[in-house]
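Following the hints, complete the assembly by docking chain B onto the known chain A.
One line per chain: the protein sequences are A and B, in this order. Per my numbering, the first sequence starts with residue 1, numbered consecutively. Per my numbering, the second sequence starts with residue 1, numbered consecutively.
In case anyone wonders, no lab produced these hints; they're calculated from the structure. All of these numbers come straight from a predicted model, not from anything done at the bench. Idealized CB from N, CA, C, for every residue including glycine. Among the clues, some could well be false.
Here are a few chain B residues that face chain A, going by a calculated C-beta distance under 7 Å [stated by the list, open to error]: (1) Ser10; (2) Ser124; (3) Pro128; (4) Gln129.
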Amino acid sequence: MTALSVLSVAYYFHFVGALIPALESKAVAIGRTVRIPIERSLDVGLTKETLFGVNERLADAVRAYPDIDAMYVTNEEGTIIFHSDRKKIGGKINVGKIRKGKKIDGEAHTAFTKEVTEDLNTHRAVYLPITREETTEGWIGINLKDESIKLETRTFALRALLGMLAAALAAWFVASRIIKYLIIDPLAILETTATQLARGNFTARAFVLTNDEIGTLAETFNFMAEEIRISHKKLEQNIETLKRLLEAKVEFLQIVNHQLRTPVSIMNGYLEFFRRGTYKTLTPEKQDDIQEKIIAAFNQLNEIIEMMMEAFEIEGGHPEMAEETFSLGEELMSVIKEFEDAAKKKNLNFEKIIPGKINILSDKKHLKAIVSNLIDNAIKYTPPGGKITIDLSEKSNRAIIRVIDTGIGLTREDLATIFHKFVRAPEGKKMVPGGSGLGLYITRKIAAELNGSVMAESGGRNLGSTFTLELPIKKIK
Amino acid sequence: MKILLIEDESLIRTLFEDSIYYLEEMKPGSQIELSSAPDYFSARSYLAEQPAPEVILLDLRLPRGGGLVADDQPEKEYGFQLLREIKANPKFSKTAVIVLTNLADRESEIQSYKLGADSFLVKSRVTPQEFFENILQKIKDISGKTEGGE
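Bound-form chain A, shown alone (with noise of 0.2 Å):
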C-alpha cells in the first residue's frame, strides 16, 4: 500500500503538472490580457467593461477545463481582482503561503501548487506568477477539481494495483516455474531413487544436475546409495560364507555322530553277554578275547572324542600356542620313551639319530603331541619285526624331524588325502580297524600354528613311510 501511495502521489504530481503547459499558455494569454488592465487599474482605475471582460475569459477557461474549479488573478497582496466567479472578487488568498507550495517547473513559467483549505473544503491550487522585470506583481490562481483529480487517482491507483497484482501473478508464475525446476523435480527425483533403494535396487541413483544445495544432497545420497550397495554386497557375502562355516560344521557333527556309535555299538553288542549272563560260560580264551575287544572299543570311542574336540576347536580358529624355549632333543627322547614298551611288544625296532642341542622357542605340549602321533602312526601301520627311525637334524635356522618306518607305505592316492579330515587310508584302515581318521589332520594344522610344516612321502605300498615335521627354531609370532 504505500508502494501504491507513493506512486498515486507522484502520479498526480505529474498529473497537475502535466495540466500546467495547458494552463500555462491560457494562463499567459489571460496574463497578458490581464496585465494590461492591473497596470492601467494601477494607473488609471479599471473600467467596468474592462472588468468584466477578464473575468468572462476566465469564466470561459473553466468552463472549457472540466478540471478547473476555478480561477483567478490577484494582486501582489492576495486580493482577488478578477475570478472566474464573480463573487469572490475582493477575496484574500495567502500569497506568503504559495511559494512555499511545491513547484512545477512548465515550459516557460514556474508554478506553485499547494492545498488550499477555504470554507471548510480543501482543494489543490496552482498559482502562476505575474512579473514584470523580476517583480511579482500579482498571481493567478487555478484551482483543481478534487473529484476529478481523485477520480483519476483512483483509476490511476486502480490500474496500478491492477498492474502489479498481473506482476505479482506473473512473478509468482515464474517463481513456481523456478521452484519446481529448482527443488521440486530434483526432490521428486531423490524420492524416486530413494524408493528404487528401498526396494532393493542397489545401482538406482538420483541424477540431479542443479549446482546448488539440493543438488549436493544428491552428491551425498548418491554416496549413501553405493555405499548401501556395497556393504549390501559385503552383507551377501558374509552370509553365505556363514552358511558355508555352517553347512561343514552340520557335516562334522553328522560324521561325528555316525563315528561315536560305531565304539559304542560294538561295546553294546559284546556287553550283551553280560546282561544275558551267559558271559561266564565261555571259554577262558574267548572271554579273554571279548575283554580285549570292549576295552578297545572303550579306547577308541575316547579317542574319537579327543580328536573331535582338538579338531573342533582347531577348525573354529587359532588355538593358543605357549612359548617357552625348550630342548627338543631331550623332549623327543621322552616322546620315544613313552612308546618304547608299545614298540617292544610289536616286536619294532627303534632308531634315534638325535644330536645333542637342539634348543627351539614353541609349545612344548603341542609339539610333543604332534611327534607322538607320528610315531604312534608308524607303530601301528608297520608290522611286526620292523623298524621305526626317529630322525632329529637342523638346517637353515630350522629343526627337521623324520618318522621313517619300514610299514605298509601309502599309495599316490593315499598321499593326497591322508592330511584331509576323516580320512584313513584303505590300507591302514584294514590293518587298524577303527580310527577317527583326525590324527593327521590335527597334526598339519598344529604344525601350522608353530609355523611349522608336515609332510608325508613314500616309496608305494609296503615301502614304509618317512614323515617329516619341519619347525623353526625360533618361532616367529
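Leaving out everything else, chain B in the frame of chain A:
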C-alpha cells in the same frame, strides 16, 4: 539260514561273528550261516555268484571298494545304490533286506523304506544277539504257521 552282512567296519563284522558263535553255542540247531562283504563291489560279486541269502544286512555307509580313494564325504550313496539294485533283482524277491546302520537320521530311514527295505535298524541301539534272536523267532513263527501251528 544264510545271512549276508554287508558292513565296512571290520570290528562290527567280528562282533556279529562273535555273537553268532554264542548263539550256536547256546542254541543247537540254529544253523545260521553268516557271510560278510566289506564293500559295494565285493557285495555285488558275492550276490552275483552265490545263491540268494534269506537275509541281507546292509550298512548304508558303504565304500565302493575296488581300489577307490576315500574322500571327505561319507559314502552314503553306495548303500542306497546297492539297496536299489538288490530290490530290483528278482533273484532276491524272497530275501529280507534289513538296513543296519549308524546313520540314525529320519531322512535315511525314510529313504530306506522308500527304496524297499524291509526294516531299518540302528546298530548302536540293537545288539547282534537281539537281532538274531528276533530273526530266529520270526522264522520259527513262519515255519510254525506253515507247518500248521505248534
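* Of the numbered hints stated previously, which ones are contradicted by the structure, given in increasing order? -> Violated hints: none at all, because every hint is consistent with the structure.
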